[in-house]
Structure formats: C-alpha cells, structure tokens
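Take each chain as given, in its own frame, and dock them per the hints.
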Amino acid sequence: MNSLITSMAMNPLAESLPGFSFMAQALSVPETTSVALPTDVATWNLWMLAPIVFGAIGYMLIQHGVVKSKAATGTGIVAILAAVVFAFGFIPSTLESWMLMNFCTVATAGGVSFLVAREPVYAALGFATAVLSTCGILFMQSALFVAAATMIVYAGATIIIFLFVLMFAQHTDLRTYDIQLTNPLLAAAIGAVLLTTITMCVTGEMAFASNQVDATRPYSQSSLPPELRSEKAEEFYQKTTPSARLVPSTTAGLGRALYTDYLIAVELAGTVLLVATIGALALAQRTTEEPA
Amino acid sequence: MFEYFKEIWPTLWPTLAAIGVILAFVPFLGLYMTFVERKLAAFVQDRLGPNRVGPFGLFHAIADAIKLFLKEQTIPAHVYKLLYFIAPTFSLMTAMFALVVMPFGPVPTEYISGFRYIVAPGIDIGILMMIAISSLSAYGIILGGWASNNKYSLYGAIRSCAQFISYEIPLGLSIIGIIAAAGSLNIEQIVAAQGGPFWNWNMFWQPVGLLVFFTSALAETNRLPFDLPECEQELVGGFHTEYGGIKFVLFFLAEYTHVITVSFLTSLLFFGGWHFPGLTGPVDSSLGGMLLRTFVLVFKVAMVVSFIMLLRWALPRFRFDQLMGLAWKGLIPLGLVNLLCVAVVLTLDLPKHLLAFTAIFIFIGSLISARQLQFTINRPRSAGRPSMAHVTSEVTL
Chain A
1 MNSLITSMAM
11 NPLAESLPGF
21 SFMAQALSVP
31 ETTSVALPTD
41 VATWNLWMLA
51 PIVFGAIGYM
61 LIQHGVVKSK
71 AATGTGIVAI
81 LAAVVFAFGF
91 IPSTLESWML
101 MNFCTVATAG
111 GVSFLVAREP
121 VYAALGFATA
131 VLSTCGILFM
141 QSALFVAAAT
151 MIVYAGATII
161 IFLFVLMFAQ
171 HTDLRTYDIQ
181 LTNPLLAAAI
191 GAVLLTTITM
201 CVTGEMAFAS
211 NQVDATRPYS
221 QSSLPPELRS
231 EKAEEFYQKT
241 TPSARLVPST
251 TAGLGRALYT
261 DYLIAVELAG
271 TVLLVATIGA
281 LALAQRTTEE
291 PA
Chain B
293 MFEYFKEIWP
303 TLWPTLAAIG
313 VILAFVPFLG
323 LYMTFVERKL
333 AAFVQDRLGP
343 NRVGPFGLFH
353 AIADAIKLFL
363 KEQTIPAHVY
373 KLLYFIAPTF
383 SLMTAMFALV
393 VMPFGPVPTE
403 YISGFRYIVA
413 PGIDIGILMM
423 IAISSLSAYG
433 IILGGWASNN
443 KYSLYGAIRS
453 CAQFISYEIP
463 LGLSIIGIIA
473 AAGSLNIEQI
483 VAAQGGPFWN
493 WNMFWQPVGL
503 LVFFTSALAE
513 TNRLPFDLPE
523 CEQELVGGFH
533 TEYGGIKFVL
543 FFLAEYTHVI
553 TVSFLTSLLF
563 FGGWHFPGLT
573 GPVDSSLGGM
583 LLRTFVLVFK
593 VAMVVSFIML
603 LRWALPRFRF
613 DQLMGLAWKG
623 LIPLGLVNLL
633 CVAVVLTLDL
643 PKHLLAFTAI
653 FIFIGSLISA
663 RQLQFTINRP
673 RSAGRPSMAH
683 VTSEVTL
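Protein chains in written order, with our numbering: chain A, 1 to 292; chain B, 293 to 689.
No lab work stands behind these hints: they were computed from the structure. Take the hints with a grain of salt, since some may be wrong.
[Said to hold, decoys possible] To spell it out: a stretch of chain A is covered by chain B in this simulated footprint if at least three of its residues, at any positions, have a beta carbon under 8 Å from a beta carbon of chain B; those stretches are:
{"id": "1", "region": "152-159"}
{"id": "2", "region": "163-169"}
[What the hints assert, rightly or not] One side of the interface only, derived from the structure: several residues of chain A facing chain B at Cβ under 10 Å:
{"id": "3", "residue": "Thr94"}
{"id": "4", "residue": "Glu119"}
{"id": "5", "residue": "Val121"}
{"id": "6", "residue": "Cys135"}
{"id": "7", "residue": "Phe139"}
{"id": "8", "residue": "Ser142"}
{"id": "9", "residue": "Ala147"}
{"id": "10", "residue": "Ala149"}
{"id": "11", "residue": "Thr251"}
{"id": "12", "residue": "Ala252"}
Cβ atoms here follow ideal geometry from the backbone N, Cα and C, with glycine treated the same way.
Just chain B, with the same shape it has in the complex (with noise of 0.2 Å):
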C-alpha cells in the first residue's frame, strides 16, 4: 500500500496543495467580505462603518467570528434535528464543492507537473459540472426550511427553489455562445481562448450573454436583489429563522461563497481571466508570470465583488412575481436571441465582433421594460395594476 501512494504521490499532492489553498482561504475571504461589505455599505449610505476594533476597524471580521463561534447552541425542540443539521453542512459543502474545476490562478493548458492553481486540471466539462454542482445548493435551503418544521421557513425555502431552477435555464443558455466560440467547455481553454488583444476577450462580442450570465449568478447566490428566501418582512427571517450560532454562519458562509465563486466565472469566462493589455499569450512557468498573472485574476475578481456589494444598495428588491418574470419573460428569450445570433455568426464563419451589435437588443429592452414601468407608476393606484394581477395569481405560491 506504502508503495502504491508512493507512486502516485506525485500527482497526488498538486490537488491535495489545491485543496487546502482553498479549504484555507474561502472561510478568510467570506469573514472579511463581511468587512469590505460593511465598509462599502458605510461608504454609501455615507457613515463611518466599522472603525472600534483594530486599525480602520480591521479586526472587526475577527470579533464577529469568535462572536458566532462561542454563541451558545440551541437547537428548537421541534426541529427534524438530522436534516436540521445536515442542512447547513450540505450548503457550505456544495458551495465549496464548486470550487474544484474553478481556476485561481493562471492554468496552462497542457497542464504541467508540481502545482497548479486548481484542484482538478483538465476536466473536460468544467463549466457544466460548475452549474451542475451549484444546482446542488438548493438541497441546503431547501431542507434548512424543512427541517426546521416552520411555515415561513418553508415558504422561504420553496421561493429559493422556485428561483433557483428557473435561474439555472438562462445561466445555461448564456454561456453556450461562449463554449460554442471557445469549443469547450473547459474553463481553462475557454481563457485560453481570450487571449490575444484585449478586444478578444468575451465581454466584447457577447454582451448580452454577459448581461444574462451575471443577472442569473446573481439571483442563483441569494442576494439581494434577488434575496426573496430570506426577508425579514413577509418570513420573519426566512429558511434560517430557527438557525443561529454557527449554524448560521455555514449558511451565510456559502452564500458569500457562492458570491466569490460567481466573481470568478464572470472574470474567468467574459472578462479574459488572466489575460491583461502586455500580458497576454500562453501561460508561462516563471514564478514571476505566475504570479502577475493571479494578480491580475484576483484584481478583475476584486473588482466584480466590490460590483456585487454596490448593486445591493443601488437596486431594490423584486416583488416575486417579478422575479419570475424576469427568468421567464425577460432572460430566458434574451438568452435564446443571443444564442441564435452565435450560431449564425459561427456558422457562418462572419468576424464575431459583429456580435456585439447585439447589445442593441439590451437598449431595446430596457427601453421597453423603462415604458412599462412609468406606465405601471403612472396609474392610479386604485386601478390595482391590470397589468401584474393575473401574473400574481399564477405565480403566487
């Protein structure tokens, strides 16, 4: 047996090394996104923020830890208690779980020995397997809200269902353009594929499959604007109401881990991973490249996250009817549009910058959706919205 892990040891403890990269910096990162969302948010709404503990207040992620980690456990007596402790396990485990085809790093294709920047190199279906794990994640909440054997947590849990697989059509549909032009669905060799100027890369011809990707990751991480499972207001909190302590905390962890895992794909897939303007071409082995080169990577991330985190406090939160809508009637169609315009392009062989004509169906879009809304604020109230009520009593759960 000692033989046996000797021989394979070499390809062995790339991934374990990948492993604990990210078993040890995922938790870190969700504490001190606590933080920078907590900044970000003093910032807009124009206050101090956290400032007591610590140097501009930075251990105050730290605080809120050893706070949550020493609260005491209470577990409700009429709880389902085996899948009441499952539950947040599971969320955490799926979101982490995600993680394993997503590059952190700059990846060369051919995949050279010692350590890579990601745990399972070469996979050949990487982005699928991606959403097929995070279509995982709604099992957590789901049997969170069930198992805590309360009805506003269940109503909590079947919304983030319902959201969850109608959210997972256009993340589909809108990265087909992508793997179509890249011709695979692995995400290294579709960054490889934006290599070259920075126009390659694909937020540049596919607009609107960036539009759709990002709206739906949005609305598959439970934040707000799409927070619909938890609301304080309608749920009394929502699938985590009979949660507390570190309970959860692993839930909020995996949506802050989800939150990072969407920040990566959106750099990864549109906007070039690891390439920049002078830094661009095929990976290199040299320490310094490497690591310019995950700079740059965790910079775009940074980037995306900060964007998250303002979008919180710049849109309001949809109405559920809404929220459907804007799957069924808004992305979904959206989506298949930007598919068809991709395979004419690509069939075609036409230049694929042509494609970012496309992004005329957005302006046509928000047009019509901006007339529709003045209409609808517009009415006397009395009139009731004609045109949402019959929406709502199809949709309404």
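One chain only, chain A, in its complex shape (with noise of 0.2 Å):
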C-alpha cells in the first residue's frame, strides 16, 4: 500500500487543476487566521478522481445488473472494491483513520439498506445505524455537542416516532418495490460531479482549514488562543471578564458563538420553533364538538 501512495505522489498526473490557484486568490479573505492543515493530509492531484469514477461505474452495473445479470453485478461489486482500494491509498493508515472508515462504512451500508429495505421497519433501522454512524463520524472530528444533539433528536426521538407509527401499520402487504431507477446514468454522473466537488474542497489548495476562523466574528474569535486573535478580538478579549472568557472547551465555545455572534439567529430559530407548536396545538384541537 506504501508504494501506491509513493507512486501517486510522483506521478507526473498528480497536479493541481490550472485556474485553481488564481480562484483561491480571489475569493480568499485576506483578515481571516488560520491554522496549517495537519501534513498527512493528501494533497489534491487528479488521482483521486480515480475511486470516484470506479465507484461511479460499479454503481452503474449493479444497478443494471440487479435486474438483468449476475455478470454485471459481480463486475460492479469488483469495480467498487477497486474503489475502496484506491481510496484507502490516500488514507494515513492511523488507528484514527481506521475508527473513521469504519464509521463511514456503517453509515454507507445504513444508507444503502433504508433505500433498498423492502420492509419499512428495517428500512428505519437503517436510517437510524446511518445517523448513529454519522454521530460517530462527528465524535471523531470533536464536534461532541452536535454529536449528541443528532443522538438525541434524531435517532433517540424522531426515528423511534417514525418506528411507533410503522409498527403500527399492517406489514402483510408488501409492495413489490422496483428498484431499477429511472435515470441511473444521471444519478452517477450527479453523485460523481458531488463527490469530486466535495474532495477537492477539503484537500485542494483552496480548502477551509481546520481552524479557520471568520475574522468578522470578534465574539467567538476572542475564546481562541492569543495567537489565533485578531486585533479586534483582542480587544473584546480584555473587556470580558475572566469568568466569562474560560472557555477551554468546544462545546462552550460553541455555546458562546451561539448567543454572541448568531444570536439572532438562534432567537428566530426559537421563534420559528414556537410557532409550530403553536400551530401543532391548533391542528390538535377538535374542530367538531363530540355529541354529549
């Protein structure tokens, strides 16, 4: 696996796009501080493109294969290994890295079976093992608070409503789903286009680094370390009191971004939220009056 990375690094392929570098000039902010993205990190070449395009073409046989041949679909399956293996050259085999895959390999299968899950029951779980991979994914990035929030929300609360109400329903009546698409070609090609956007974003030379942070935003800015602050941040530094700028921690961060800089925000959220229980409490009450 070394010596795939070591031969994809010298590739004379391996370069960044032209036009890339002029773009990243232009919309760059010169006021924003940032941290230098860690070094095991791979660099954009067009390599990459590689697992996108074998996935992309996997997808496509198994997709026709499904339906039509067992062929195709072993083809597509050996097509989205190769994928997987491309993929892996550009991943620092760390245990970090490794706990991350295979956060995202439940996450994918739970995907794949809430789409293809004849039962609805089963196709809920899947939902509910994709959410809670994803929670793992974000634990791993610290955004611990978000984390839990989507725990809470989503897989404790919303997806045990959608269980309530499924396993309520009659399951003796299985439709017989047809699972060929209407527009493959267009759903690759999408996925594709998507997936080589994202990759790009996060490992070109324009990508957001992991500590960037909005210079405009003096509020949450001054939690950061003194040589992170700007020099308006510095200044909301030493108005704050001690107590209130302790904040060695990303979910008080966060709590402090919330109510200072997006407060706003939040609060039209809050107001938002307000009014569809209002509107909920309305829907719920009985418009006809029962016979006494």
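Below, the structure is given as structure tokens:
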C-alpha cells in the first residue's frame, strides 16, 4: 500500500487543476486567521478521481445487473472494491483513520439498507444506523455537542416515532418495489460531480483549514488562543470578565458563538419552533364538538 | 504497527482497564442487586426472604444465574429472528455504553496519567452524552416488542417508547440548572464544583431539580412505579413475553444497569459525588484518599439504590394517563419554573442558596395534587371520574 501512495505522489498527473490557485486568491479573505492543515492529509491530485470513477461505474453495473445479469453485478462489485482500494491509498493508516473508515462504512451500509429494504421497519433501522454512524464521525471530529444533539433528536426521538407509526401499520401487504431507477446514468453523474467537488474542497489549495475563524465575528474569536486572535478580538478579550472567557472546550465555544455572534439566528430559530408548536396545538384542537 | 501501538499504549491501557472494570462489575452488581432486592422486599413485607443457599442466602443469586444460563433456548416460530436476537443485546449494550462517561471513583479534573476511575475522562459533553445514549435504550425494548410479533408485546413496547420520549424532556430540563451553575457539562467538573462545605452539594440548593431529575430518571429505568411496559394483568407479560432464558436475563440486566446508572448520576450530580464532610477539596492521587473517596461515592450510590428498591414497595403503579400527565403537566412545568429561578439567581449574582426556597414549589404542588387526589377518591364511582375522562380518551393508545 505504501508503494502505491508513493507512486501516486510521483506521478506526473498529480498536479493541481489549472486556474485553481487563481480562484483561491480571488475568494480568500485576507483577514482570516488559520492554522495549517496537518501534513499527513493528501493534497489534491487527479488520481483522486479514480475511486470516484470506479465507484460510479460499479454503481451503474450493479444497478444494471440486479435486474438483468449476475455477471454485471459481479463486475460492479469488483469495480466498487477497486474504488475502495484506491481510496485507501490516500488515507493515512492510523488508528483514528481506521475508526473513521469503520464509521463511514457502517453509515453507507445503513443508507443503502434504508434505500433498498422492502420492509419499512428495516428501512427505519437502516436510517438509524446511518445517523448513529454519522454521530460517530462527528465525535471523531470533536464536534461533540452536535453529535450528542443528533443522537438525542434524530436517533432518540424522531426515528423512534417513525418506528412507532410503522410498527402499527400492517406489514402483510408488502409492495414489491422496483429497485431500478428511472435514470441511473444521471444519478451516477451527479454523484460523481458532487464527490469530486467535495474532494477538491477538502484537499485542494483552497481547502478550509481546520481551525479557520471568521475574523468578522470577534466575540467567538476572542475565545481562541492568543496567537490566533485578531486585533478586534483581542479588544473584546480584554473587555470580557475572566470567568466569561474561560472557554477551554468546544461545547462552551459553540455556546458562546451561538449566543453572541449568531444570537439573532438562534432567536429566530426559537421563534420558528414556537410558531410550529402553536401550529401543532391548533391542528390538534378538535374542531367539531363531540355529541354529549 | 507494533511501534504505533507501543506509542499509544500509555494512553490506551487506562481506558482498557476502566472498560474491564465496568464489564466485570456491572453484571456482578446486577446479579447481586436481585438478591438485595429480594431481601429488601422480604424486609418490607415482614418475611425472611431468600435464606437457603449459602450463608444468609448469599448464593441464591448465583444459583439463579446458573439456572437462567442453563435454560433451554426456545425460539417461538412466529418471531422476526434477526431483530428478536438483536433486541436484548442492543438493550444491554446501550445500558453499558452510557457508563463510559460516568466516573465510578474520584477523577481529578486535570486527568493524571495512569488508571482513572472513568473510561473516557474529560469528555466535554459528559452528561449530555449520557442522556443521548440512554435515549437509545428505547430501541432495545421497541425492537423486542415488535420482533416478538405479538400484539401484547408491541403494546408494551409502544408504551415504553412514549414513556421514554416524554420523560427525556424533564430529565434534560432538571439538570440545566446545575450545568449553568457549574459552567460545564462535564460530570467531573460538576462534582468538583460541589466541593467545600457540604451545603454546596447541589441537593441543598436545587431541591426541585433533584425531585424532577430523580423522578424522570426513575421513569427511564422502567421500574416500579413506572413499569408500564411490563404488566402481567394487561399485557400478559410485556415486551419480553416471548423471551426466555439468557435473552430475558439480558433485558433485566439492562434494567439493573439503568438503576446503577441512575443511582450514580444522582449521587454525582446532586449528592456531592465523592465529597463528604471532612473529605472535600480537590482529589489527591494518594491511594488512601482515592480509596476513601471511592468508598464514599459507592456508599452514596448504595443508599440511592436501596431507596429505589424501597420505592417499589411504597408506591402503587401509575395508570398510563397518569404517567403521561405526570410528565407533561407536572414535571415539565416544574422543571421550567426551576430553570427560570436558577437563571434569575445566576444572572443577578444572588447567593445560590436562595434557590433552596424553591422547595416551596414542591410543597404547593404536593398540596394541590393531594387535594385533587382526595377530590377524585371521594367522588362516587358512578360519576365516572369526570376530571380524568377526557384525558383518558386523548392519551390511550
């Protein structure tokens, strides 16, 4: 596997797309402060297209083969495996990345089973699996609060309510769903373009650095370590009380950002939820009087 | 690869050791909690209780375990096999997984290297993570009920699902007060904030929070008086009707694990954790101090566990509409009022023990409910409980 990585890095094809640095210059905001990406993350090269292309081909073949021939399905599975092998070439072999890959695989499997399961209950469970694995990925990215909130709201409440309804539904009348899409070619093309865009955004020169902070938001920026603070943030830092700026953790940072820089958005979201609650109450009201 | 593991080993082994402690002790505790429960039940009902096997009947629990393990594995023909087997394991898995952020001994907030009494120290969202994981424990029960392919089991599962979702809201509301005061979601930090004199324990200035928390946490454990998901009179057995032998044990081990979790949480969040008069201040790493603090914590936990077990024989079960009414009309408003009081006190920088007077809400609330209860009981039965009739028609599933 190591030789594969080296050969990719040496390859003359491995170069950034023309015009890319120009775009980066045009779009970059000079005021932002950022921390350099860790060095073990691969930078963008054209070989990164290979797993995407293989995956698209594999998807098309499987889509075609499930209905018509087993040989096509087999070739498709081989193509997807090739895509996986290629993709592994770009991934550093540390414990973290292996755990991340596990979560990604389970999430994908959950999504696939959500789409192809014939029984609604199994589809809901596939969705739950996908959500929980995504929570795992978020945990590994230190987005702890978002992960826990997703777990409580989606896996803990929403999907359970789905299950609640689905389990009451009669499951004797199972539809034989047609698993052939109307336009698999378009789906594969859109998927490939999306994946390419995401890969370029994550690994390209214009990639958002992991600790990048919007300098126009001084309140939340003032919680950063001193070398990352802008002048304006430093000013805010001096103004706040010591207990208020004791923010060593991501959750506290998130709370601070939400209730200072994004206060209006939070309040508006709260208002929307309140309106939704009132609407639900209005809908739940009985309009007709019951006969006494 | 070997070099890599050698590199991460110093941070890996304390975690593995803590996981080992949890995996070893939780089933053992669950086993002996059945024994303690039987003894306490016997005490309440003026009986002797189990006393045949071993000294004081101590080996009854082991005999029970052997019996349950050696039972024939029966699989009803009509169940959905895959989910039928997944349900009990998932139930136990979520119950145990919630323990990863729970300190089972003193944990200093600066996380010294070496063995720590917690699997994952310094998790930013500690208590929230615990709530998130225990919200998943509804899956085990609901899948078990559905996979049994039995209407009664499904009804048990549906009841438990409604109960879980309803009681999660007051559970979350009740701890926001202490989180706001401690300034952290991390359980170690919350316990550290309760150091000093014993009236700094959260129970002394958050009585309403304690009441709401303990009630809703008890509801999440599915134990009496909240054991609606299992009910011999109405549902044959409940969500576990079709389960026998070791699969049944897994469900009940999960329930006892929940009891352990709730007791630990109550002790850590409200009863001052490992602090005790004369044993306050930051955690030192001396062995004696550690053991003494562990003993204090375990003692508090044992007190809470006994209290939960005695409650079982002190309170009658709820009817389903009463259960829902308690959550939505009782605990949630109480939690909101408490939260408001805490916010006012913290914002105006008042002494936080002013909040002890919020206990007056409990007093007023209990007066009102006692009066209502009397009103309901004194009414002739033929009148058909007019105050409850409309509620029942709305809530009954």
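Against the structure, the hints come out as follows:
As drawn, the region 152-159 of chain A meets chain B at 4 residues by the rule of a beta-carbon pair under 8 Å; at three or more, the given contact holds. Under the rule that three or more residues need a Cβ within less than 8 Å of chain B, the assignment of the region 163-169 of chain A holds, with 4 such residues. For the restraint placing threonine 94 of chain A at the interface with chain B, the shortest Cβ-Cβ distance is roughly 7 Å, inside the 10 Å limit, so the hint holds. Because the beta carbon of glutamate 119 of chain A sits about 9 Å from the nearest beta carbon in chain B, less than 10 Å, this interface hint is met.
The closest approach between the C-beta of valine 121 of chain A and any C-beta of chain B is roughly 7 Å, which is under the 10 Å cut-off, so the hint is satisfied. At about 8 Å, the closest approach between the beta carbon of cysteine 135 of chain A and any beta carbon in chain B falls short of 10 Å, and the interface hint on this residue holds. Interface restraint check: phenylalanine 139 of chain A against chain B, minimum CB-CB distance 9 Å, threshold 10 Å, status holds. Taking 10 Å as the C-beta cut-off, the interface hint given for serine 142 of chain A holds, the closest approach to chain B being about 8 Å.
This hint holds: alanine 147 of chain A has a C-beta 8 Å from the nearest C-beta of chain B, less than the 10 Å allowed. Against a cut-off of 10 Å between C-beta atoms, the interface hint on alanine 149 of chain A holds, since the closest Cβ of chain B lies about 8 Å away. Look at threonine 251 of chain A: its Cβ gets to within about 5 Å of chain B, closer than 10 Å, so that hint holds up. A distance limit of 10 Å between C-beta atoms decides the matter here; for alanine 252 of chain A the minimum to chain B is near 8 Å, and the interface restraint holds.
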